[in-house]
Structures are given as structure tokens and as C-alpha cells.
Amino acid sequence: MAEFECIEELQAGLPPDAIQNVETFRGEVTFVVNPEQIVEVCRYCRDTKGLEFDFFSGLTGIDYYPSEPRFGLAYHLYSLIHNHSIRLKVYVSGDEPVAHSVVPVYTAANWFEREIFDLLGITFTDHPDLRRIMMPDDWNGHPLRKDYPLGYETVQFSFNRDEVTLHKPYAKE
Amino acid sequence: MTISEHQEDWQQDLEELKGLVSERALAGDTMVLNMGPQHPSTHGVLRVLLELDGETIVSCVPDVGYLHTGIEKNMEAKKYEQALVMTDRTDYLNNLGNNLVYCLAIEKLANLDVPPRAQYLRVLLAELTRINSHLVWLGTHALDIGAMSVFLYCFREREKILDIFEMISGQRMMTSYIRPGGVWRDVPPEFEPAVRAFIDDFPAKIDDYENLLTNNPLWLDRTEGVGFITAEDAIRYGCSGPVLRASGVNWDIRKALPYSSYEDFDFDVPLGQHGDVYDRYLCRIEEMRQSLRIVRQALDNLPDGPSRSNNRKYVPPPRSELGHSMEAVIHHFKLWTEGYRPPKGEVYVRVESPRGELGCFLASDGTPKPWRVHFRTPSFVQLSALPKLSDGHLIADLVGIIGSIDIVLGDCDR
Chain X
1 MAEFECIEEL QAGLPPDAIQ NVETFRGEVT FVVNPEQIVE VCRYCRDTKG
51 LEFDFFSGLT GIDYYPSEPR FGLAYHLYSL IHNHSIRLKV YVSGDEPVAH
101 SVVPVYTAAN WFEREIFDLL GITFTDHPDL RRIMMPDDWN GHPLRKDYPL
151 GYETVQFSFN RDEVTLHKPY AKE
Chain R
1 MTISEHQEDW QQDLEELKGL VSERALAGDT MVLNMGPQHP STHGVLRVLL
51 ELDGETIVSC VPDVGYLHTG IEKNMEAKKY EQALVMTDRT DYLNNLGNNL
101 VYCLAIEKLA NLDVPPRAQY LRVLLAELTR INSHLVWLGT HALDIGAMSV
151 FLYCFREREK ILDIFEMISG QRMMTSYIRP GGVWRDVPPE FEPAVRAFID
201 DFPAKIDDYE NLLTNNPLWL DRTEGVGFIT AEDAIRYGCS GPVLRASGVN
251 WDIRKALPYS SYEDFDFDVP LGQHGDVYDR YLCRIEEMRQ SLRIVRQALD
301 NLPDGPSRSN NRKYVPPPRS ELGHSMEAVI HHFKLWTEGY RPPKGEVYVR
351 VESPRGELGC FLASDGTPKP WRVHFRTPSF VQLSALPKLS DGHLIADLVG
401 IIGSIDIVLG DCDR
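Just so you know, the sequences run in chain order X and R.
Residue numbers for the first sequence follow this note's numbering, beginning at 1 and rising by one.
Residue numbers for the second sequence follow this note's numbering, beginning at 1 and rising by one.
What the hints contain is simulated information worked out from the structure, not anything from laboratory work.
All C-beta atoms, glycine included, are put in the ideal place defined by N, C-alpha and C.
Heads up, a few of these hints could be off.
[As the list claims (entries may be wrong)] Distance condition first, Cα-Cα at most 25 Å in a straight line; then the derived SDA-like pairs of lysine to any residue:
{"no.": "1", "chain 1": "X", "residue 1": "K49", "chain 2": "R", "residue 2": "K73"}
{"no.": "2", "chain 1": "R", "residue 1": "K73", "chain 2": "X", "residue 2": "V155"}
{"no.": "3", "chain 1": "R", "residue 1": "K255", "chain 2": "X", "residue 2": "G72"}
{"no.": "4", "chain 1": "R", "residue 1": "K369", "chain 2": "X", "residue 2": "K49"}
{"no.": "5", "chain 1": "R", "residue 1": "K344", "chain 2": "X", "residue 2": "G72"}
{"no.": "6", "chain 1": "X", "residue 1": "K49", "chain 2": "X", "residue 2": "T30"}
{"no.": "7", "chain 1": "R", "residue 1": "K160", "chain 2": "R", "residue 2": "W184"}
{"no.": "8", "chain 1": "R", "residue 1": "K18", "chain 2": "X", "residue 2": "D138"}
[As the list claims (entries may be wrong)] Quick list of the computed label-pair ranges, beta carbon to beta carbon:
{"no.": "9", "chain 1": "X", "residue 1": "Q20", "chain 2": "R", "residue 2": "Q38", "range": "41 to 51 Å"}
{"no.": "10", "chain 1": "X", "residue 1": "E52", "chain 2": "R", "residue 2": "Q12", "range": "42 to 52 Å"}
{"no.": "11", "chain 1": "X", "residue 1": "D126", "chain 2": "R", "residue 2": "P303", "range": "25 to 35 Å"}
{"no.": "12", "chain 1": "R", "residue 1": "D304", "chain 2": "X", "residue 2": "D126", "range": "39 to 49 Å"}
{"no.": "13", "chain 1": "R", "residue 1": "P116", "chain 2": "X", "residue 2": "E23", "range": "40 to 50 Å"}
{"no.": "14", "chain 1": "R", "residue 1": "P189", "chain 2": "X", "residue 2": "I7", "range": "45 to 55 Å"}
{"no.": "15", "chain 1": "R", "residue 1": "E166", "chain 2": "X", "residue 2": "Q20", "range": "46 to 56 Å"}
{"no.": "16", "chain 1": "X", "residue 1": "Y65", "chain 2": "R", "residue 2": "A27", "range": "27 to 37 Å"}
{"no.": "17", "chain 1": "X", "residue 1": "D95", "chain 2": "R", "residue 2": "A194", "range": "53 to 63 Å"}
{"no.": "18", "chain 1": "R", "residue 1": "D163", "chain 2": "X", "residue 2": "E36", "range": "40 to 50 Å"}
{"no.": "19", "chain 1": "X", "residue 1": "R26", "chain 2": "R", "residue 2": "A77", "range": "37 to 47 Å"}
{"no.": "20", "chain 1": "X", "residue 1": "E23", "chain 2": "R", "residue 2": "Q38", "range": "27 to 37 Å"}
{"no.": "21", "chain 1": "X", "residue 1": "Q20", "chain 2": "R", "residue 2": "P303", "range": "38 to 48 Å"}
{"no.": "22", "chain 1": "R", "residue 1": "E16", "chain 2": "X", "residue 2": "D126", "range": "16 to 26 Å"}
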């Protein structure tokens with residue numbers, strides 16, 4: 001995979017508090033971005049000559065429960081022109097899970113943000129169409145959160161047959 | 001139901017539609033039509049809410065999630081090796097490609113080496129999977145547009161590929177054959193003649209499909225100039241794979257960021273010019289030919305040697321060692337009871353699936369279970385571009401457009 005060599009260049013053109021940390025793991029560069037400035041950083045990454053991250057690869061939401069800040073958002077950007085990629089990362093508090101939408105910069109982020117809103121319950125401000133996407137509209141809770149139970153069915157044996165039948169969800173007379 | 005109850009229902013429906021369709025629809029000037037989720041041309045369970053002015057599409061709102069099975073949540077509750085079987089079930093036409101991207105992510109996380117023979121086998125099988133997926137696409141896409149017989153021919157050839165998969169793994173579709181550190185076990189001796197028979201036979205079949213469709217005036221009428229997207233818009237909407245290349249953008253992950261020894265192979269990347277349904281069709285047909293070239297090279301140059309890494313911290317020892325090596329027994333026991341613990345970290349790996357960029361984000365917290373697995377699936381992203389693709393087209397063209405972006409709803413909803 002093509003290494004990213006513009007770490008200083010990316011930091012130089014941005015306000016000093018925009019990038020909080022730079023990490024490298026297995027050749028992948030991650031910039032931890034100030035949550036307030038993610039839209040500006042994205043726009044800078046897209047429009048600056050030499051960076052030109054024109055392709056929005058994806059957005060992943062991660063739940064770090066029980067640590068705080070609880071949620072992480074990983075933006076994967078790629079440049080078709082220079083063939084390099086980076087990850088921007090934003091941490092979102094669990095008490096007030098709100099982040100800024102990057103749809104004004106990257107149209108492709110639209111459904112990714114809807115998915116995270118649906119499955120992790122993070123609200124994106126300025127999103128044009130923030131509705132649930134995977135779960136039904138009237139669903140309660142956010143399934144990908146770590147404190148949301150996985151759910152399973154008790155195996156029915158002869159010793160507990162009646163008890164399991166009693167709790168099965170099908171319609172009763 | 002009384003009339004007032006009916007009216008109440010109706011009002012509720014209208015409330016739900018607000019914001020999704022224009023004011024004209026609420027006033028009754030345009031018609032709102034629900035397509036799917038049970039519709040033969042939606043390739044699964046896709047629901048599309050259409051607003052029509054006569055036969056012209058004014059707006060189109062795709063509604064996905066009917067096949068959401070919580071695979072990512074389930075994988076978090078399983079050990080790395082156990083979770084592998086879930087990946088087959090996401091994109092059920094690209095099973096080996098999904099295995100591959102997940103294994104590449106684990107290997108990157110754990111710094112695990114893969115022997116050359118396994119890498120070549122992975123490339124060979126990934127390309128056979130690509131042909132398999134394109135055959136299903138071509139058959140169903142042509143069926144949607146009205147060319148019935150192509151479907152039967154495509155499925156005839158696909159059956160041969162599934163036979164090869166069954167030969168190596170015992171399963172036709174959910175193979176789970178590619179494992180972290182290599183492949184499950186070496187291919188049997190009858191594998192090579194079977195693949196050779198297929199690649200000798202198949203080029204003539206592609207010509208047959210082309211004879212049926214490429215210059216067919218009915219096919220041209222239904223596909224040329226339909227569902228076009230410019231290169232800028234395709235990049236903006238995150239389209240990848242044949243959809244992006246049909247618009248003239250030369251980006252193939254196998255060339256740009258080679259993985260699993262793709263840099264050793266000689267193949268061309270077909271490009272389109274107009275970005276319409278017809279160019280996407282031509283691109284995929286040519287891709288099948290290029291895939292055959294790769295398969296032939298991989299088979300000719302298949303290196304000898306082990307087909308799985310011998311790093312015993314991640315890969316179980318072979319059965320033959322268990323009889324005489326105490327260490328092998330310990331590794332075997334540890335791996336199948338506790339699993340392995342990759343170091344803490346986060347990686348993102350992308351591969352070229354038949355539909356486009358398939359990415360896997362894998363976060364490890366140093367325990368035997370993945371903390372978070374996320375698949376960036378091409379169907380999901382390309383489906384979000386459907387309103388752009390179908391804008392201003394006739395409703396009859398919509399099935400052609402949905403077919404041409406080659407969605408798999410299992411891939412989209414996960």
C-alpha cells in the first residue's frame with residue numbers, strides 16, 4: 001500500500017488545534033481531529049494541491065464502551081490522483097453523541113452517517129436526510145452499541161420445554 | 001374498516017411521505033409508487049419509493065435494510081476464526097472475496113506472512129469468484145431487460161465454477177476456504193484439470209453472450225444512454241469498480257494498491273467512455289476475459305510449497321504433527337479453545353470485489369474477539385447513487401439501472 005508522506009504538509013496548512021494527534025500503525029496514518037473542525041479538515045484535505053483526497057472510501061463508527069469519550073468515527077479518505085490514503089479520527093462523547101456531518105464536503109458520506117445514526121445513535125448536525133436506514137423506523141435502541149444485548153434463543157430440552165414455550169414470542173390465544 | 005379509519009390511515013401515510021417526495025405529490029399532481037421489497041428485478045429485497053410524472057421519474061428514494069442480519073454485531077461476539085464464516089454470508093456472490101478481505105485485515109493486524117502458493121491460490125479463486133459474480137449479474141440483468149435465454153446460459157457456466165468450489169472446500173457457495181495465514185488446505189489433484197477445462201471452454205461462451213446482446217438492437221435501445229453518470233459525479237458519490245471505470249476513471253485496486261501478489265500478474269483494466277448502462281455491460285464482459293487471463297497465469301505459475309503459514313501462534317498445526325509433537329498439541333488446544341490475540345490496533349484493508357471497493361475495518365483490543373468489524377461494501381455506496389442515476393429517466397429504465405450497478409442486498413445491508 002502506498003505510504004503517505006505528507007504528514008507535515010497536512011498539519012502546516014491547518015489551525016494548530018485542528019489536529020490533536022498523529023498515529024501510525026502498520027503503515028496507516030491516522031490523524032485525530034478536533035471534532036469541531038472535522039468539516040474544515042475534510043475540505044482542506046480534498047481541495048489542497050498535493051493532498052487531493054477526492055474519494056471518500058468510508059466512515060466507520062466504533063463504540064469504545066465503557067471508556068470515555070465513548071464513540072470513535074473513522075473517516076477513510078483516498079486520493080485517486082496521488083494514490084495515497086489516510087484515516088481521520090474523531091472522538092465523540094457518550095453523554096451527548098453529536099458530530100458534524102461531512103456531507104457538504106463528501107456526498108458519499110450520506111448513507112454512512114445514516115447508518116451510524118441508526119446503529120450507534122450518533123446524531124449528525126447539518127445532515128440533509130437523517131433517518132434510520134437499516135432498522136425499522138419505530139425501532140428502540142441502537143444495536144451496534146456495546147451495551148445492547150446480542151439476543152439469543154434458549155435451546156429447548158425436555159427438562160425446560162414448558163418454560164421455554166411459555167416465553168416464546170408468538171401470538172397467544 | 002370505517003371510512004374515518006381509512007382516512008386516518010391515509011393521513012398517517014401522507015405524514016410519512018412528507019420530506020421524501022415533493023409538494024406536487026402531496027397535492028396529487030404526481031404519482032407516488034412503491035416498488036418492492038418483493039420485486040423480481042430488485043435483486044433481493046430492495047424497496048424503492050418512486051415519484052412519477054407520467055412515466056418519468058421525478059424522485060427516487062431507495063429504502064434498504066430488509067436484509068439487515070446484524071452480521072457485524074454477531075462477529076464481535078465470536079473469535080476471529082469463528083467470525084470468518086459470517087463473511088461469506090454478506091455478499092453471497094463474492095464469498096471468497098469477502099473471506100480474502102477479512103483475512104487480509106487479520107494478517108495486517110497480526111503481521112502474519114502468507115506463503116506464495118497460498119497467495120496465488122487466493123488470486124486464482126478471487127478471479128473465479130469474479131467470473132461467477134459477473135455471470136449471475138449478466139444473467140439477471142439481461143432477464144430484467146427481457147433477454148430470457150442469456151440467464152440460462154450464464155447459470156450453466158456458473159455451475160462449473162461452483163463445482164470447482166465444491167471440489168476444494170466441500171461447499172458450493174459458503175466456502176470459508178481462505179483462512180488467516182493462507183488457505184484451509186491445499187487443493188486436490190483434480191483441481192488443475194477442472195480449472196483448465198473451464199478456462200479452455202469459457203472464452204467461446206463469452207462470445208456467445210456477446211453475439212446475443214452486444215449488437216442486438218433491442219439491447220442497445222434499452223441500455224445506450226440510460227443511467228449515465230459523469231466521472232466527477234461517480235467519484236463524488238463514491239462509486240467504484242465497473243461503475244466508476246465505465247465512466248472513464250482508471251482506478252482498479254488490483255493495479256493501484258496490489259494485494260495478495262496481484263503485482264505479478266499481467267492484465268488490462270477495461271474502461272468505458274459514457275458511463276451508461278451499456279458501457280458498464282461492456283466493462284464487465286471484458287473483465288471476465290481479463291479474469292480468465294489472470295486465472296491462466298496463476299495456474300501456469302502456481303508455486304510449490306505450503307499453502308498455509310507455519311506461524312503456530314495463529315495457524316493450527318497439521319493433523320500429522322499432533323501424533324508426535326507435544327508442542328503441536330498445545331498449540332492446537334490453545335488455538336481452538338482460546339483463539340489468538342492480535343495486538344491492539346485498527347487497520348483498514350481494501351480489495352477489488354466484483355462490484356467495486358470492498359473495505360474491511362478491523363479494530364482489535366488485544367482480546368481473542370474482534371472489537372469492531374465494519375465492511376465498506378460497494379453495493380451500499382452505489383445504491384446511494386441510485387437517485388442520481390435514475391433522475392429523469394423512464395420507469396421502465398429503472399430496472400436496467402438497478403441491474404447495471406450490480407447490487408447484492410446481502411452486501412448492502414449486512
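Results of checking the hints against the structure:
{"no.": "1", "hint": "X:K49 - R:K73", "result": "39 Å, violated"}
{"no.": "2", "hint": "R:K73 - X:V155", "result": "21 Å, holds"}
{"no.": "3", "hint": "R:K255 - X:G72", "result": "31 Å, violated"}
{"no.": "4", "hint": "R:K369 - X:K49", "result": "41 Å, violated"}
{"no.": "5", "hint": "R:K344 - X:G72", "result": "15 Å, holds"}
{"no.": "6", "hint": "X:K49 - X:T30", "result": "20 Å, holds"}
{"no.": "7", "hint": "R:K160 - R:W184", "result": "21 Å, holds"}
{"no.": "8", "hint": "R:K18 - X:D138", "result": "17 Å, holds"}
{"no.": "9", "hint": "X:Q20 - R:Q38: 41 to 51 Å", "result": "49 Å, holds"}
{"no.": "10", "hint": "X:E52 - R:Q12: 42 to 52 Å", "result": "48 Å, holds"}
{"no.": "11", "hint": "X:D126 - R:P303: 25 to 35 Å", "result": "53 Å, violated"}
{"no.": "12", "hint": "R:D304 - X:D126: 39 to 49 Å", "result": "58 Å, violated"}
{"no.": "13", "hint": "R:P116 - X:E23: 40 to 50 Å", "result": "32 Å, violated"}
{"no.": "14", "hint": "R:P189 - X:I7: 45 to 55 Å", "result": "51 Å, holds"}
{"no.": "15", "hint": "R:E166 - X:Q20: 46 to 56 Å", "result": "52 Å, holds"}
{"no.": "16", "hint": "X:Y65 - R:A27: 27 to 37 Å", "result": "47 Å, violated"}
{"no.": "17", "hint": "X:D95 - R:A194: 53 to 63 Å", "result": "59 Å, holds"}
{"no.": "18", "hint": "R:D163 - X:E36: 40 to 50 Å", "result": "57 Å, violated"}
{"no.": "19", "hint": "X:R26 - R:A77: 37 to 47 Å", "result": "25 Å, violated"}
{"no.": "20", "hint": "X:E23 - R:Q38: 27 to 37 Å", "result": "47 Å, violated"}
{"no.": "21", "hint": "X:Q20 - R:P303: 38 to 48 Å", "result": "46 Å, holds"}
{"no.": "22", "hint": "R:E16 - X:D126: 16 to 26 Å", "result": "23 Å, holds"}
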